[in-house]
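J.: Chains as they are written, first to last, in the numbering used here: chain F, 585 to 948; chain B, 58 to 400; chain R, 50 to 373.
What the hints contain is simulated information worked out from the structure, not anything from laboratory work. Remember, predicted model here, so these are calculated numbers, not experimental data. Quick reminder that beta carbons are idealized off the backbone N, C-alpha and C, glycines included. A few of these clues could be false.
[As the list claims (entries may be wrong)] The following label-pair restraints were derived from C-beta to C-beta distances: (1) F:ASN749 with B:SER84: 42 to 50 Å; (2) R:PRO288 with B:ARG139: 55 to 63 Å; (3) B:GLU169 with R:LEU347: 45 to 53 Å.
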Amino acid sequence: MTETGASSHRVAGTDKDVLVKVENLQKYFPVQTTSLFRRNHDQVHAVDGVTLEVRRGETLGLVGETGCGKSTLARCIARLCDVSAGRVIFDGRDITSLTPRQMRPLRREMQIIFQDPYGSLNPRRRVGSIIGDPFALHGIADGAERKRKVQEVMELVGLKPEHFNRFPAEFSGGQRQRIGVARALALRPKLIICDEPVSALDVSIQAQIINLLVDLQREFNLTYIFIAHDLSVVRHVSDRVAVMYLGKVAELAPAEDLYQVPRHPYSNALLSAVPVPDPKKSSDRHQIILIGDVPSPIDPPAGCRFHPRCPKAQERCATEEPALASVLGDSAEHVTACHFPVEKGEDLSNTSRVSVPPSGSQTT
Amino acid sequence: MALLEVSDLHVSFPTPDGVVRAVRGLSFAVETGKTLGIVGESGSGKSVSTQTIMGLTRGARVSGQALFEGIDLLAMSPKELRSVRGAKVGMIFQDPLSSLHPYYRVGWQIIEMIRNNHHEISKAKARERAVELLRLVGIPQPDRRVDDFPHQFSGGMRQRAMIAMAMSLNPKLLIADEPTTALDVTVQAQVLQVMRRLQEEFGTAIILITHDLGVVAEVADDVVVMYAGSTMEKADRYETFGAPHHPYTEGLLQSLPAYGGERERLRPIPGQPPSLINLPGGCPFHPRCPYVMDRCRAEMPPLFEVGGNPAHTSACWLSRDQVERAALRTKVVGQPLAAPAVP
Amino acid sequence: MSLSPGDIVAIEKVGVSAGVPPPEGAAATVIEGRSPWRLAYERLRRDRASMISLGVIVLIILVAIFAPVVAAITGHGVYEQFRTTGLSPDGLPVSPSSHFLLGTDDQGRDILVRVAYGARISLIVGVVATLLEVVIGTVLGLAAGYFGKVVDTVIARVIDIVLSIPFLLFAISLVSISHPSLTIVIVVIGIFGWAAVARVVRGQVLSLREKEYIEAARALGAGPWRIMFIDILPNIVAPIIVYASLLIPVTIVIEASLSYLGVGVPPPTADWGTMISGAQQVYQQAWWYLLFPSAALLITTVAFNIFGDGLRDALDPRAEQIYK
Chain F
585 MTETGASSHR VAGTDKDVLV KVENLQKYFP VQTTSLFRRN HDQVHAVDGV TLEVRRGETL
645 GLVGETGCGK STLARCIARL CDVSAGRVIF DGRDITSLTP RQMRPLRREM QIIFQDPYGS
705 LNPRRRVGSI IGDPFALHGI ADGAERKRKV QEVMELVGLK PEHFNRFPAE FSGGQRQRIG
765 VARALALRPK LIICDEPVSA LDVSIQAQII NLLVDLQREF NLTYIFIAHD LSVVRHVSDR
825 VAVMYLGKVA ELAPAEDLYQ VPRHPYSNAL LSAVPVPDPK KSSDRHQIIL IGDVPSPIDP
885 PAGCRFHPRC PKAQERCATE EPALASVLGD SAEHVTACHF PVEKGEDLSN TSRVSVPPSG
945 SQTT
Chain B
58 MALLEVSDLH VSFPTPDGVV RAVRGLSFAV ETGKTLGIVG ESGSGKSVST QTIMGLTRGA
118 RVSGQALFEG IDLLAMSPKE LRSVRGAKVG MIFQDPLSSL HPYYRVGWQI IEMIRNNHHE
178 ISKAKARERA VELLRLVGIP QPDRRVDDFP HQFSGGMRQR AMIAMAMSLN PKLLIADEPT
238 TALDVTVQAQ VLQVMRRLQE EFGTAIILIT HDLGVVAEVA DDVVVMYAGS TMEKADRYET
298 FGAPHHPYTE GLLQSLPAYG GERERLRPIP GQPPSLINLP GGCPFHPRCP YVMDRCRAEM
358 PPLFEVGGNP AHTSACWLSR DQVERAALRT KVVGQPLAAP AVP
Chain R
50 MSLSPGDIVA IEKVGVSAGV PPPEGAAATV IEGRSPWRLA YERLRRDRAS MISLGVIVLI
110 ILVAIFAPVV AAITGHGVYE QFRTTGLSPD GLPVSPSSHF LLGTDDQGRD ILVRVAYGAR
170 ISLIVGVVAT LLEVVIGTVL GLAAGYFGKV VDTVIARVID IVLSIPFLLF AISLVSISHP
230 SLTIVIVVIG IFGWAAVARV VRGQVLSLRE KEYIEAARAL GAGPWRIMFI DILPNIVAPI
290 IVYASLLIPV TIVIEASLSY LGVGVPPPTA DWGTMISGAQ QVYQQAWWYL LFPSAALLIT
350 TVAFNIFGDG LRDALDPRAE QIYK
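Whole structure, please, built from the sequences with the hints as guidance.
T.: Structure (C-alpha cells):
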C-alpha cells in the first residue's frame with residue numbers, strides 16, 4: 585500500500601499532487617418518454633453536485649449502494665459519458681467538454697477495470713489481441729514487438745504468456761479478471777478506475793486480485809479510484825473513502841477514520857449492516873437496520889437526502905441541505921455532510937426511527 | 058429425528074465433454090427451528106444439492122437419500138414432490154424476478170399460492186393472509202402494495218415479497234439460495250432480520266446457501282463447508298469460524314480482508330478451483346493446500362471427528378487434535394488464526 | 050451470475066436445461082485452446098441431419114459446376130432440341146429411358162441436362178442475392194444500431210417501408226419495364242431482402258452495445274468504426290450466418306417463382322422455375338417434366354433449411370435443449 589511515506593508529502597494537497605479534480609459535478613439522465621407526443625421532463629439525478637479530488641498515488645474508495653451514483657461519477661471522470669454540469673480536471677487539464685475524438689489520446693492515461701470478468705472481454709477475440717488493443721489503438725507497438733509487450737504484461741499480472749492465443753471462455757473468472765487488469769495496465773496509465781473489480785469473484789480469488797492490484801500500484805505508482813459495495817474490501821485497499829448516497833457525497837475521510845469514527849448516520853448504518861465473519865462479534869454488536877428503501881433519484885428528498893430514513897433527522901434536515909465540512913473537531917481531511925453528526929460511541933440502534941434486531945437471539 | 062436428513066447425495070451431469078460430478082457424497086441434517094448454512098464458492102455444488110433434493114435438476118444422475126419427515130424426497134414422483142414444494146418446503150432464490158411472475162400482481166400470486174393448496178379458503182381470507190404476510194416481511198402499507206406488480210417493488214422489497222410467498226403456506230423448511238447476494242448491505246440486513254424473525258415466530262428450519270461467510274456467521278447455527286462437490290467441514294458456527302480444522306475453511310477465512318488485519322497483505326488461497334469433469338485424485342483441495350501430504354493425493358479422507366466433538370467433522374488427514382492442529386497452523390501459516398479459539 | 054456470450058462454452062460444458070440455474074462448476078471448467086468457431090464446428094459435426102444435408106448441398110454444387118460434364122457424358126447440349134428422338138410422333142415429350150434418363154421437355158431437350166444447368170442459376174441467385182442482402186443489411190443494421198438517434202430513425206423507417214411494399218407485385222412490374230435478366234433478378238431480390246437482415250442485425254447490435262467489452266473498447270480510445278467492425282461484427286457473424294443460410298432457400302424459391310411467372314431469368318436459359326412453368330401445359334402426359342425440376346427445387350431448399358437449422362444449433366447452443 586501507499587503508506588505513511590507516500591501520504592506525508594500529500595497532506596498539503598497542493599494542486600501538483602492532485603491528479604483528478606471534480607468540481608460540483610452533475611449528471612442527469614432524461615427518463616425515457618413513454619409517449620411519442622408527450623414530452624417528459626423527468627430526469628434521474630444520478631450525480632448531483634460532487635466535489636472531490638484524487639491525489640497522485642493514492643486509492644480513493646467510492647462506496648454506496650445501488651443507484652448512489654458511484655459508477656456514473658467514475659464514468660464522468662473517464663468521460664465515457666457527457667457531464668451535465670460542473671468540471672472534471674485531469675492532470676491539470678479541463679476535460680469536461682472534450683469531444684470523444686479529443687478524448688482519445690488521453691485514454692492512454694486513464695483506464696478502467698470492469699466488474700464483470702465475463703462481460704468485459706469480447707468472447708470472439710483472442711486474449712493476445714484483447715490485451716494488444718491498447719498498443720494497437722494508440723499506435724505504440726506492432727507485430728512482434730506488440731506480441732512481446734503483451735506477453736510481458738500477461739506475465740506481470742500472473743497469466744501464462746503462452747496462453748496468448750486462447751479465448752476468454754477458456755479462462756476461469758479470476759484469470760479473466762487478470763486479463764482485464766492486463767489490458768488496463770498495458771500502457772501504464774496514470775489513473776485506473778476499478779469498477780467493482782472483485783465483486784463477481786469467489787472469496788479466495790478476490791484476495792488474489794486485490795493483492796495483484798495493490799502490488800501493481802506500488803510498482804508503477806498508479807492512482808486508483810476503487811468502486812465497491814464490499815466495505816471490507818474498500819477499507820483494505822483505500823487511503824481515503826467517499827461514501828455516496830443518492831448522487832451526493834455524504835462523508836469523505838481517510839479510510840481508518842471513516843471506519844473508526846463514522847460521522848454521517850448513513851455511514852454508520854452502512855458499516856453496521858456489513859455481516860461480520862465472526863459469530864462472537866456479530867451477536868453482541870448493535871446493528872442499525874434502516875427502514876424503507878432508497879428514495880427515487882428522479883425526485884430526491886429536499887434538504888439532506890438521507891433525512892427520510894435517518895434515525896437522527898430533525899426539522900432542519902428536511903429543509904436545509906448540509907454542506908461537506910469537518911465536524912466535531914475532525915481534521916480537515918475528514919468531511920461530513922450532516923447537521924447532526926454522530927459522536928464517537930453514540931448508539932444509533934436505540935433510536936426510535938430504526939428497528940433493533942433481537943440481538944444475540946441466535947446465539948443459543 | 059431431524060426434519061430433513063440428507064445422506065450420501067451424489068449428483069452428476071453427463072455432458073459431451075465428460076461427466077460433471079457436481080455433488081459427491083453430501084450428508085447433512087436440519088432440525089426444526091434451526092438454520093443450516095451451506096457455504097462454498099461457485100462450483101462447490103451447494104446450490105445443485107438442494108435443487109436436486111427438490112427435484113429441480115433435469116438430466117442429472119442422482120443417488121443417495123433425502124429424508125424429509127421420514128420420507129425420501131429423491132424417491133418421490135414429480136407429482137408428490139410438487140405437493141411438498143411450497144406447502145412443506147418454501148424456496149427463495151437469488152433473483153426474485155425468476156420466481157415472481159411479472160404480469161401478475163404480487164398479492165394475486167400469493168393468494169393463488171394459498172388457494173391452490175387450500176381450496177377451502179375464500180378469496181377474501183386469502184387476501185387478508187397475503188396482506189398479513191407482506192406486513193410480516195416489512196413491506197410498508199401492505200394493504201395497498203398487495204395490488205402492485207413486481208416491477209413496482211424495489212429489489213429488497215421483491216426479495217421480501219418472495220419470502221412472504223415462500224412462507225405463505227407456513228412451510229416447515231425454507232431453502233434460501235443466495236437470498237441476499239443481489240442486494241445492498243443495508244437491504245441485506247433488513248432481509249436477514251425478516252428471516253430471523255419468521256424463524257422465531259414459526260419455528261421454520263432454514264437452509265441458507267451462500268458464498269458470504271459474514272452472512273453465515275450471523276445467521277447460521279451449523280455450517281457445512283463445501284468444495285468441488287464434497288463436504289470439507291461441518292461444525293457449529295463458533296467452531297467453524299473460531300477453530301476451523303480443514304485447510305480450505307482456514308484458507309477462506311484467511312483470505313477475507315477483515316480477517317487479515319487492517320493493511321496487511323491478504324492471504325489468498327493459491328490456484329484455481331478444479332474442473333468438475335476432471336477432478337484431482339484424493340482430496341479435491343490438495344493442489345491448493347499448504348499442508349498437502351502424499352496421502353492427500355492418493356486417498357480422499359472421510360469426515361473425521363475433530364477434538365472429540367461429534368458435531369465437528371472435517372474431511373482432512375491432518376491431526377484431529379485441536380492443539381496439534383493449531384501448532385501446525387502456526388508453523389505453516391506463520392501465525393495463529395486471526396481470531397482466538399473457541400470461547 | 051448473469052450469462053454472456055462468453056459463457057457459451059462453459060454452459061455447453063455442463064449442460065443447462067431451461068429454467069434451472071446452471072449447475073455450478075461451469076466456470077471452473079478449463080478448456081484447452083479451442084475457438085468458439087471450432088467448438089461450433091465440432092457441434093455441427095456431431096449433428097447427423099446437418100451433415101447429411103451438407104452432403105446434399107455439396108452434391109448440388111458439384112452438379113452445378115459439372116453441368117457441362119453431364120452434358121458431355123449424355124451427349125446432349127443444354128439448348129439442343131431432339132425433334133426426332135426427344136419428342137414422340139405427336140410432338141409430346143418422351144418419358145425417361147436409357148437415352149434420356151429423366152425424359153425430355155416439350156421442346157425435346159434433355160431434362161437431366163437442363164436440371165443440372167438449372168442448379169447453376171438457382172445457386173448463383175441464391176448465393177449472390179443473399180450475399181447482397183446480407184452485406185447491405187449488415188452495414189445498415191450496424192449503423193442504425195450503433196449510432197442510434199437520427200441515423201437509426203431514418204434507417205428504421207426505410208426498413209419499415211421496404212418491408213411493407215408487396216414484393217411480388219413490385220418485382221413483376223419492375224422486371225416487366227426493363228428486360229428480364231439474371232442481374233435484374235438478383236438486384237431486385239437484394240433490394241427487397243436486405244431490410245429483414247438489417248432488422249435482425251440492428252436488434253443484435255442494440256443489445257451488444259450495452260456490453261461491458263464495448264465500453265472497455267471505448268475506454269481504450271477506440272473509434273466508432275473500429276468498435277463496429279472489430280468488436281461488434283465478430284459477435285454477430287454467427288446469427289448473420291445462420292440467417293443467411295436460411296435466406297438462401299428463400300431466395301432460390303423467389304427466383305423460381307419469378308421465372309415461373311415469366312419475369313425471371315429469360316428462356317431459353319435452363320431454369321427450374323421456367324421448367325416447372327413449361328411443364329404446366331403437358332404434365333398430364335409427361336409427369337417427369339414437372340416432377341424432376343420440382344424435386345430438384347424441393348431437395349435444394351430442404352437441404353439448405355435443415356443445414357441452416359443445424360448451423361443455428363451449433364452456433365448458439367443455448368437455443369437447443371442439451372438433454373432431451
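J.: Work down the list of hints and note, for each, if the structure agrees.
T.: Hint by hint, here is what the structure shows:
no. : hint                               : result
1   : F:ASN749 with B:SER84: 42 to 50 Å  : holds, 44 Å
2   : R:PRO288 with B:ARG139: 55 to 63 Å : violated, 37 Å
3   : B:GLU169 with R:LEU347: 45 to 53 Å : holds, 50 Å
Hint 2 from the earlier list is the only one contradicted by this structure; the remaining hints agree with it.
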